[in-house]
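Q: Let the hints inform the model, and build the full structure from the sequences given.
Protein chains in written order, with this note's numbering: chain A, 4 to 110; chain B, -3 to 203.
Please keep in mind that the hints were generated in silico from the structure rather than gathered at the bench. The beta-carbon is built from N, C-alpha and C at its ideal position, and this holds for glycine as well. Mixed in with the good hints there might be a few duds.
Label pairs and their calculated CB-CB ranges [unchecked claim]:
(1) B:A67 - A:T15: 20 to 28 Å
(2) B:G126 - A:Y19: 37 to 45 Å
(3) A:Y35 - B:T153: 32 to 40 Å
(4) B:G124 - A:T15: 40 to 48 Å
(5) A:R63 - B:N117: 37 to 45 Å
(6) A:E10 - B:N117: 31 to 39 Å
(7) B:L164 - A:F82: 39 to 47 Å
Far from chain A by the CB rule (all over 10 Å, computed), these chain B residues [what the hints assert, rightly or not]:
(8) T38
(9) G45
(10) L64
(11) T198
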Amino acid sequence: MAEHHSESLYMTIFYYLLALTILEIVVALPTYAPWLKAALLIAMALGKAALVAMFFMHLRFERLTLGVIAFTPLVICVFLVFMLAPDLGAVAHKTTVPAKQTTGAKH
Amino acid sequence: MSEAAAMHAGHAESYESPLTPESWGKLGMWVFLVGDAMSFGTLLAGYGGIRYGSADWPKPYDVLGIWLTAAMTLLLIVSSVWMVKGLAAIQRNDFAAFRKFIGLTILGGVVFLGCQAYEWNKLIFHEGLGFTGNPYGASLFGTTFFIITGFHGMHVTGGVIYLLCILLRGMSGAYSATNYSPVEIAGLYWHFVDLVWIMVFTFVYLI
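A: What follows is the structure, given as structure tokens:
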């Protein structure tokens, strides 16, 4: 009953993680639209995290309920960002608007 | 007596297999990791909020550099592979390979901590990045950086100690192909630390 996962599978996952890490750096280095960069990098990071959780942490081979438990924090954190969003918008407005009026001023 | 034994067996069975095929210990570790993931998730969400609300947030790439941390990321991923190889070794009763791979995993963690100490030292004493202020812009840049990477570094330190205990117990013959659950549970923790670093690397260094 012991799951003896083949070690070649682990190496395959390692190569995926290596490739994604290199790709992340390639995407991060040039300067372009910040939202696009952030979206690409977050997508790749989530992909890497999913690979680690599914294969190294064996979630792929456990019962689905455990996967649901493991997935919960991600959902709550996304929710947290949305709950913070209204406050963040207000803070961003307060800090960016005066900053524009006093260009060059030292903080 | 046989009835008692049967009752005992039935009793034991009713407590078996909660959510994982093998053990309560594994479920316990998962519940801990879910809570810990919320700690890191909250720190990163807070980081995102502070950064979004700041008008003079420095570009992390310019201040922190990327190559050392990219190497550290790779090191943690490699040490995760060593960890699964160590687990696979004990699952086939290969004690020499178990010692080798768990030892390498620990070494990976120690080298990671060494790199982090070097990085902090360089940032604090040579580039003036302080906990409450820095020459680059928003003062919270340093605060969030040290809290998040420090919290993760503490997890790596804990993982190194945890794995040392596993290695020492394993060397005294505590684990085998039929009793490897503690090794697998320690592995869960170690992979989680790797997983968190993947997120920290992305949010704090790359974006």
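Q: Of the hints stated earlier, which fail here?
A: Checked against the structure, the hints that fail are numbers 8, 9, 11, while the rest are satisfied.
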